[in-house]
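Peer 1: Given next are the chains, with one letter for each unit.
Protein chains: 2
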Amino acid sequence: MNDMRIDGGRLWGALMELAAIGATPKGGVKRLALTDLDKQGRDLVVSWGKAAGLSITVDQIGNVFMRRDGTNNDLPPVVTGSHIDTQPTGGKFDGNYGVLAGLEVVLTLNELKIKTVAPIEVAFWTNEEGSRFVPVMMGSGVFCGAFSLETAYAARDVDGKTVGEELARIGYKGEQVPGRHPIGAYFETHIEQGPVLEDADKVIGVVPAVMGLSWYDCVVSGMEAHAGPTPMGLRKDALQVSTRIMQEVVAIANRYPPYGRGTVGMVQVFPNSRNVIPGEVKFSIDLRNVNEELLNTMHEEMLDFIERTRQDSGLGITLERVSYYPPCPFHPECVDAVRSATAKLGYSTMDVVSGAGHDAIYAARLAPAGMIFVPCKDGISHNEIEDAKSEHLEAGCNVLLHAMLERAGVA
Amino acid sequence: MNDMRIDGGRLWGALMELAAIGATPKGGVKRLALTDLDKQGRDLVVSWGKAAGLSITVDQIGNVFMRRDGTNNDLPPVVTGSHIDTQPTGGKFDGNYGVLAGLEVVLTLNELKIKTVAPIEVAFWTNEEGSRFVPVMMGSGVFCGAFSLETAYAARDVDGKTVGEELARIGYKGEQVPGRHPIGAYFETHIEQGPVLEDADKVIGVVPAVMGLSWYDCVVSGMEAHAGPTPMGLRKDALQVSTRIMQEVVAIANRYPPYGRGTVGMVQVFPNSRNVIPGEVKFSIDLRNVNEELLNTMHEEMLDFIERTRQDSGLGITLERVSYYPPCPFHPECVDAVRSATAKLGYSTMDVVSGAGHDAIYAARLAPAGMIFVPCKDGISHNEIEDAKSEHLEAGCNVLLHAMLERAGVA
Chain S
28 MNDMRIDGGR LWGALMELAA IGATPKGGVK RLALTDLDKQ GRDLVVSWGK AAGLSITVDQ
88 IGNVFMRRDG TNNDLPPVVT GSHIDTQPTG GKFDGNYGVL AGLEVVLTLN ELKIKTVAPI
148 EVAFWTNEEG SRFVPVMMGS GVFCGAFSLE TAYAARDVDG KTVGEELARI GYKGEQVPGR
208 HPIGAYFETH IEQGPVLEDA DKVIGVVPAV MGLSWYDCVV SGMEAHAGPT PMGLRKDALQ
268 VSTRIMQEVV AIANRYPPYG RGTVGMVQVF PNSRNVIPGE VKFSIDLRNV NEELLNTMHE
328 EMLDFIERTR QDSGLGITLE RVSYYPPCPF HPECVDAVRS ATAKLGYSTM DVVSGAGHDA
388 IYAARLAPAG MIFVPCKDGI SHNEIEDAKS EHLEAGCNVL LHAMLERAGV A
Chain W
28 MNDMRIDGGR LWGALMELAA IGATPKGGVK RLALTDLDKQ GRDLVVSWGK AAGLSITVDQ
88 IGNVFMRRDG TNNDLPPVVT GSHIDTQPTG GKFDGNYGVL AGLEVVLTLN ELKIKTVAPI
148 EVAFWTNEEG SRFVPVMMGS GVFCGAFSLE TAYAARDVDG KTVGEELARI GYKGEQVPGR
208 HPIGAYFETH IEQGPVLEDA DKVIGVVPAV MGLSWYDCVV SGMEAHAGPT PMGLRKDALQ
268 VSTRIMQEVV AIANRYPPYG RGTVGMVQVF PNSRNVIPGE VKFSIDLRNV NEELLNTMHE
328 EMLDFIERTR QDSGLGITLE RVSYYPPCPF HPECVDAVRS ATAKLGYSTM DVVSGAGHDA
388 IYAARLAPAG MIFVPCKDGI SHNEIEDAKS EHLEAGCNVL LHAMLERAGV A
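As you go down the protein sequences, you meet chains S and W in turn.
Going by the working numbering, the first sequence wraps up at 438, each residue one higher than the last.
Going by the working numbering, the second sequence wraps up at 438, each residue one higher than the last.
Same shape as in the complex, but just chain S (with noise of 0.2 Å):
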């Protein structure tokens, strides 16, 4: 049992072949959720499952569930999954690999005979990436009933497409209603889309958690005027204000090392003229932990900093809170499960805190979660030039394959 391991070769193949669809010029692939393309990768993947003896299970809102039987098919199954959806200028891993991960599970498992006491699912989910369509995390999210299946079907994209109609068009929209099927626990597999454990030369994240997030805009408002006749005693300068924001927001992040985050990605100056002084600047605000108490102490140092600056400056300062995502922490046994295989098969290896969002956090909502990070170059997803290493893709299969045998039990 220990030496048992997936084939790492056809595991890339089958990448490359999914990545075929919708491929970029710049060796990336543009896939968007419920187009023809994604059909087109649908479609391959399910043939797969369908050729490695799989039974396929669509709920209404495009989730994909392919099933390997158990010896007691009473028992919830053992599912693993991602999704096939892509970014506009996506990568070839981002999710596809934690779905074909999967996928060769299932084939090293018919090749060596071996049956499961639970069954095993390999599942993929609608609309992860929400670049089409938003809310992101589609197709899980209504799984576990973060919103309900009409919000996403009402959803829709640039060209006023619903993703109830798009889903019909393409033949997904199933039967089954969404969260009516049990999961016993569920493992996924994902590149880091982060640089930690490049940097720290380690080849298997160990996922205990994933961070929670509070999104914010931030509107400052001064008062423009020519930068020439203006003297500095007598401006109201909306950019400077906030850049002392910005600053602060990367320095609330440093006092709450190591999984603090602050960021301010997107910026828009007005009237944005080389001669004038900023009357109105509107800007992002990203702020991270893992911990929900150190994120809520971040929250309160920024409002506190903003009161502050307010008060300092004269000027007017807005802040609205966008999203809010609480950390996620993933189950102890999956947790334990994960870096219990990855010691079995002597992988260097890292507790690796995520701080993108996953299906798997909404999967945690309704099962015993946990997630399995291999290196990507540079840390960089969501981009063409994303890219990993077929050793640790196969490394990560082979973590994947036996935390879900002991999950699911050798019959």
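Misleading hints may appear alongside valid ones.
A pair counts as met if it fits within one copy or between any two copies, since identical chains are not told apart.
Derived pair list, reagent style SDA-like, types lysine to any residue, alpha-carbon separation capped at 20 Å [unchecked claim]: (1) 66 x 195; (2) 404 x 260; (3) 404 x 306; (4) 263 x 407; (5) 309 x 271; (6) 309 x 295; (7) 263 x 284; (8) 263 x 281; (9) 188 x 158; (10) 263 x 306; (11) 309 x 293; (12) 309 x 297.
Hints are computed from structural coordinates only; laboratory data are not their basis.
Quick caveat, the model's predicted, so the values are computed rather than measured.
Keeping the supplied structure of chain S fixed, place chain W upon it in accordance with the hints.
Peer 2: This is chain W only, laid out in the frame that chain S set:
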């Protein structure tokens, strides 16, 4: 002589009549250089000049000189003027006031039947604003030889039309070679375009000089990365490094009061996405001072700071100087003429260094020059809500009258 006054109501009426050409719904004016509306405005002002008995000369760049003979026409004329083109969302007073104040001086002298020794001229210069065609201050710039007539003619608007074509089309491509028009002295009245006079509650600004300015484009290059998974210590956040420089721009200006100015007016963040650490930030820097040595010091301090920031941060930083105008001190005799006229008339006054560019800068290269400022509401200009009080405009015009008479001499 000393009790001579212009007619403030007539001046206001002329300003409002000219402002009706290209009037905007918000109470401003849009009369871009060399458009049909500019032709209408020019024709109106020229018709007023002819009605006042002035002789008209148009030079090859479309500058218009309207002359009232003196008793000794061998003397070079005492010229006053400004421009009548506006910004796309311009006001009623910027430029227009300087031209119509000159006409009002002529009308007053006509009524009082006063002859000057030297001739008097009212000029309006082509395309001061630079909104449709660059460079700015085009007519006065060609006149003084700052750049060639050919360069100006070849300038194109966004539709590809050239200055040469448009000048001919509206009938203002004259015969006189630019610069072949002697000037004995030049005065320009203008709204301050800043808040200093209003803040100090003074009516007349005596303008000893125009600030020099140094413009830069700064580009900070880091590495874009996902805002969640990237630990603070592994980031190359181009925006955070940029905010340090943006704050230093203001700090440098504050170290050189009262005439140091530092402004970041334009910012572009790439990729400008909420959950992506900025990989590149491009922003403008505008440094000004009335003292060239101090402006150079400010420049050097900026270079030093950027070099230190480059070393501290490890990020790429480039700084390119894109424009430089040295400070322009006005001629002591013209400044004194304004100062003594103001004193004689009993207006409250202070010295106000001009932070903005004016045609007077180029005129000052050829002849003694001086400027007269009057307050504008909230210091706002280049805006449809630009406003000024009739009594202030009247006061400035009275100062112009007496300063010109001092230079031209009363026969």
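Peer 1: Now tell me if each hint is right for this structure.
Peer 2: Here is how each hint holds up against the structure:
{"no.": "1", "hint": "66 x 195", "verdict": "within (11 Å within a copy, 61 Å between copies)"}
{"no.": "2", "hint": "404 x 260", "verdict": "between (49 Å within a copy, 18 Å between copies)"}
{"no.": "3", "hint": "404 x 306", "verdict": "between (41 Å within a copy, 17 Å between copies)"}
{"no.": "4", "hint": "263 x 407", "verdict": "between (39 Å within a copy, 13 Å between copies)"}
{"no.": "5", "hint": "309 x 271", "verdict": "both (13 Å within a copy, 18 Å between copies)"}
{"no.": "6", "hint": "309 x 295", "verdict": "both (5 Å within a copy, 12 Å between copies)"}
{"no.": "7", "hint": "263 x 284", "verdict": "between (35 Å within a copy, 17 Å between copies)"}
{"no.": "8", "hint": "263 x 281", "verdict": "between (29 Å within a copy, 14 Å between copies)"}
{"no.": "9", "hint": "188 x 158", "verdict": "within (14 Å within a copy, 41 Å between copies)"}
{"no.": "10", "hint": "263 x 306", "verdict": "within (7 Å within a copy, 28 Å between copies)"}
{"no.": "11", "hint": "309 x 293", "verdict": "both (8 Å within a copy, 13 Å between copies)"}
{"no.": "12", "hint": "309 x 297", "verdict": "both (8 Å within a copy, 15 Å between copies)"}
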